[in-house]
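Asks: Each chain, letter by letter, is given below.
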Amino acid sequence: MAVKHLATETTADGLTIGMLSQTSAADLIGSNVLGDFEILGSPGPPPQVVLFSRRSGIATVDAWRHAPKPPRFGSNGPPTPPYVEPLIAAAALGLPIQMVPGYANSADVRLAIDSGEVDAVCVSLDAYHTAYQAADVRAVLRFSAAPIPGLDAPDAMSIAADARARELLETGIYMMAPMVRFYVVPRGTPAARVALLREALEKTWVDPQFLADAHAAGLTIDPVTAGALEQTVATLKARPATLSDLRSILQSH
Amino acid sequence: MLDSLAAAIAGLQQLLTWPTPGYLLAGVFIGYIVGILPGLGASAAMAFLLPVAVSLPPIDALVLLTATSAVSAIAGDLTSILLGVPGEATSAAIVADGHALALRGQGRYATGAAISASMMGALFGMGVLVAFIPFAPRVLAHVGSPELAALAIVGICLLVPLSHSDPVKGLFSGALGLALATIGLDPFRAEPRFTFAQLSLLDGLGLLPVALGIFAVAEALDMIRSPHLPEGSSTDAGGVMRGVRESVRQAGLVFRCSTIGAVIGSLPGVGASVTQWIAFAHAKASKRDDAATDEDLPGAIEGVIGPASATTATHGGAMVPTLALGIPGGLASSFLLSALILKGIAPGPTMLLPAGAGGQLPLVFALVWCTVIASALGALIGIGSLNWVARLARVRPALLFPVVLTFVLIGTVGERHLTADLGVLLVLGALGYAMSTLKWPRAPLMLAFVLGPLVERRVLLSNTLYGWSWVLRPSVMVLAAAAIALLLAGRRASRRRRSPRPTAREGSTSRADVLMSASFAAAGAAGLALSLLLTGRPGVFPRIAFGATFALSLVQLVLSWRKVVSGQPVRRPSERGGKHLIRIAWFLFFVANAWLLGLVLGTAISALVYLRLDAKESWRTTLAMTTGLVGLTWLLVIQLLHLSGHGFF
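Protein chains in written order, with our numbering: chain C, 1 to 253; chain S, 1 to 649.
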């Protein structure tokens, strides 16, 4: 509803800029909301990691697979990445999972981890380095092809058993990653202003002061251009069967 | 122990080393200003200050933010009491009794009590922080959804003592608060409930629009065509010290409400907006003076002292999980946490180690000292400026009305920067005015409204995780015992106070009461019907809330109707119905203009028309007042809140 409002109720003059976040591939493409926007760019995705509390006794994907009962994952609820990504990963990799949505915010989930109420959570690497620094957790799985210094958790894609599992992971998690936070303006915004805004964003991503502030705040900046994002959207649209499977996975919980 | 003592001394030294005291004073000044101005709460001020704080050394940044937060909570009580408009959401509970006392000419007394209770609450909260923080990680590790669910249910049980004067109406009011809390996305599947495709309702109703609508609008509308100055408004000279002495005399109440604030406030997600109402309900239940109940003669000093001490104590409590675990206890502490992270300080157990062991214990103590000193300075400034602020209360009410309603309008849009919240204010303002006029209790509605989301979320989470076995956990049983004790205490208090109660209460047998009950029954039935359309968990809580609303309004309808037909004595309303309609019409006029023309222009036109046509002021006074209001609105809305575009200018 909010995205539709941004697309249809605001003046397309370049002065209203939206940041679309907390979406899922199935929702994003299925509702075709991206057709209403010009994409400006994204500061890039911080890699997502799956953390298990030490008291859960799960330290590896193998232990997760053979857990006596499905590990409980805490999250706010759909369509946030902590809800969507573990469900997709579990379905693709054949891992047991009990998703527990309903926590008010990430601090609530963190407290639930500390109290043993839930066993695991999926968070961004930024959150791992800030909010979970003092928590007694260990990373068990990562959604990032590139190795993460200090974390020996395996990349989910590397342990996918078959092509179908890899496609689910790629479509639902890896390709969607830059779209967790990306900037848009309503379609109809004058082309010159769209170009100006794209250029301004690209200059911002390399501004030394901005990078220093982002580093101080523990934020990962790995920019993705508007062109690359539009290519991603086109690729996603060409996979209707996979999107349908993803929607089924999410609706079954 | 010696480490802590050394850290306390080192912390004080850090705080007193220039330029840190300068930032402390700046925080005190900013906190005072944002506290007394509606719509500019501590959280908004900290959001504005964060970019400035990032460029400062860590100690200066944290002192600036901490002092601002500490003082705004104290200053917010001034406008709540004297004008009936909460300076910020965490000062809303004080309006109920504080402003009633001010209307009876005891504004200074109430303000003195509030400021001193706030000061004591702040000190208590800091004491809890220092004492509790080493154990916090272990203690908080035992707090789960069942405990939070039980705690919220204990809070809901306070509806009973709060409704002692008229149980059916009180419980109905609580049920209505629970029902209003279900508006917005459901917490589990993010499904819209009762949003009617309105974007502004997706996040539910804002706390300030609800509190201002239910309480402040009625106070403002009562000023129209009311020629009377508050009784004894100019003779309450010794009131401040009398209020201070009253707070000291009620040390037990201060202690209990500060404990409520600090302990419950240390739980993430339960901020001062919740603890103030729980403390208010507890204070009302333990009221010493039985001569008057809240509905017979509003304005009990306990209803001021309780929430004032709880609110400031909550700040100390909220800092416990922030510093010990890196989990913000509330919105204001989330800004403090951001500042810590931005300055490269990692909150967590290691922060509590002495400096020699790589910890930040001196910094923690510096923040404790900062809160204590800032609270003391805030209290002194509050008392010192009372004469200036209290002058407003001596202005003729009809002349004050546009000023107060403008504050209400600014506070409404200031919380979430949504002009659509004016629609919420319009509906709930009319509701609050009707409830106030017909003496339906309003405080239970607010208590249930702030606790509703916590109850729903935590009860359903507990069921998901543990089934119904969660109710048998020892910690839950202890809290259940506390709830039963509260209910019994409320029952005793109710019996004690009912004895002198007259058989016919004001308005309770009037035909207007029947009409009101019937309207509520219709609204409850509509809500229940809509909630039956919701499937699965999102529909459970709305069905309970609207079902209770419907059932209780039907019971009240029957009770009121029986009184009407039995011919029991009816106390005539003090004012004729036409006057109420005129007041509602002016309210509608102000809100409609603000919505259609923007806050600055709309307020100006509304004030101009009202002052000339209704208040019959001279052109000179009208133009002077209108110009002043335009300047004030422009400063607050455009310059400080940075709201521009349609609906704001």
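Please note that the accuracy of each hint is not assured.
Stated by the list, open to error - On the chain S side, residues computed to face chain C include the following (Cβ under 8 Å):
1. A8
2. A10
3. Q14
4. W18
5. R138
6. G144
7. G184
8. P268
9. G344
10. I345
11. P347
12. N463
Claimed, not checked - Chain S is nowhere near these chain C residues, computed Cβ spacing over 10 Å in every case:
13. R72
14. V100
15. P101
16. G102
17. E117
18. L197
As the list claims (entries may be wrong) - Listing some non-contacts, in silico: residues in chain C with all C-beta distances to chain S over 12 Å:
19. L6
20. H129
21. A135
22. R138
23. R193
24. P208
25. A216
26. K237
Hints listed in this document are in silico derivations from the structure and should not be mistaken for laboratory results.
Don't be surprised by glycine CBs; every beta carbon is placed ideally from N, CA and C.
Asks: For each hint given before, does the structure comply? Return the numbers of the non-compliant ones in rising order.
Replies: 1, 2, 3, 4, 5, 7, 10, 12, 13, 14, 15, 16, 17, 19, 20, 21 and 25
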